[in-house]
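Enquirer: Single-letter residue listing:
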Amino acid sequence: QQQVKQSPQSLIVQKGGISIINCAYENTAFDYFPWYQQFPGKGPALLIAIRPDVSEKKEGRFTISFNKSAKQFSLHIMDSQPGDSATYFCAASTQGGKLIFGQGTELSVKP
Amino acid sequence: DAMVIQNPRYQVTQFGKPVTLSCSQTLNHNVMYWYQQKSSQAPKLLFHYYDKDFNNEADTPDNFQSRRPNTSFCFLDIRSPGLGDAAMYLCATSWDRSAKNIQYFGAGTRLSVL
Numbered sequence: 002q003q004q005v006k007q008s009p010q011s012l013i014v015q016k017g018g019i020s021i022i023n024c025a026y027e028n029t030a031f032d033y034f035p036w037y038q039q040f041p042g043k044g045p046a047l048l049i050a051i052r053p054d055v056s057e058k059k060e061g062r063f064t065i066s067f068n069k070s071a072k073q074f075s076l077h078i079m080d081s082q083p084g085d086s087a088t089y090f091c092a093a094s095t096q097g098g099k100l101i102f103g104q105g106t107e108l109s110v111k112p
Numbered sequence: 016d017a018m019v020i021q022n023p024r025y026q027v028t029q030f031g032k033p034v035t036l037s038c039s040q041t042l043n044h045n046v047m048y049w050y051q052q053k054s055s056q057a058p059k060l061l062f063h064y065y066d067k068d069f070n071n072e073a074d075t076p077d078n079f080q081s082r083r084p085n086t087s088f089c090f091l092d093i094r095s096p097g098l099g100d101a102a103m104y105l106c107a108t109s110w111d112r113s114a115k116n117i118q119y120f121g122a123g124t125r126l127s128v129l
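Chains as they are written, first to last, in this note's numbering: chain A, 2 to 112; chain B, 16 to 129.
Chain A with its partners taken away, still in its complex shape:
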């Protein structure tokens, strides 16, 4: 299965709160899991990525948690800020470099 399922579709968080976005996959051949951030009118930009042999990766306020046995991974945004308001896509990549994107989560951080 080449799908990556992402939830929720939209998320509203208060400033300073934690934003959590979840993704699940079926294909065990996926071996790289990036998250992309997309602002309106812009192309997606790589935010953070993880390999399946690592259970957690943190970069600043952004953390990926990875559960290989459950085939699930999630993005946590700590201390969410209005500037984080954007659409977030999880993705999975195979050795051929093809990116399979999740459906996207529209995050709105309220002041």
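One or more of the hints may lead you astray.
Negatives, chain B to chain A, calculated, CB over 12 Å [unchecked claim]:
(1) F30
(2) P33
(3) T35
(4) F69
(5) P76
(6) F79
(7) Q80
(8) S95
(9) D100
(10) D111
(11) K115
(12) A122
Straight line, CA to CA, 30 Å or less: simulated DSBU-like cross-link-like pairs of lysine-lysine [claimed, not checked]:
(13) B:K115 - A:K72
(14) A:K72 - A:K58
(15) A:K6 - B:K115
Over 10 Å on every C-beta distance to chain A, these chain B residues come out as not near it, computed from the model [what the hints assert, rightly or not]:
(16) V34
(17) K67
(18) R83
(19) R94
(20) L129
In short, the hints are calculated from the structure, not lab data. Here a beta-carbon is modelled for each residue, glycine too, at the ideal position from N, C-alpha and C.
Once you've looked at the hints, dock chain B against the given chain A.
Expert: Leaving out everything else, chain B in the frame of chain A:
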């Protein structure tokens, strides 16, 4: 400085009138990708070039073609645009096709079909 540049940012065409979108890159990357992104949906890969080697996705309609005359430029040609082809078209590049290679996206061209 923009590394993947798409022109134009907005394109309006008429139903059935051929249109060409352009992408250029300053990264000297080997791989260039074209994605279609419809409103509130994920980007969908149409095809990619690895150097001069063209790789089409199985479900990409024949109406979509691409050219890569040199390393820096890649074009998306839509031969007979239909109303369903209205979308954002994203160009991306990467150094190689291995899984860990970052794809760098341009800002996109928003295509309207009247």
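Enquirer: Give a verdict on every hint.
Expert: Hints and how they fare:
no., hint, verdict
1, F30, "holds (25 Å)"
2, P33, "holds (24 Å)"
3, T35, "holds (19 Å)"
4, F69, "holds (15 Å)"
5, P76, "holds (19 Å)"
6, F79, "holds (17 Å)"
7, Q80, "holds (20 Å)"
8, S95, "holds (26 Å)"
9, D100, "holds (19 Å)"
10, D111, "violated (7 Å)"
11, K115, "violated (5 Å)"
12, A122, "violated (5 Å)"
13, B:K115 - A:K72, "holds (18 Å)"
14, A:K72 - A:K58, "holds (16 Å)"
15, A:K6 - B:K115, "holds (20 Å)"
16, V34, "holds (19 Å)"
17, K67, "holds (17 Å)"
18, R83, "holds (16 Å)"
19, R94, "holds (24 Å)"
20, L129, "holds (21 Å)"
When the structure is compared with the earlier hints, violations turn up for hints 10, 11, 12 and for no others.
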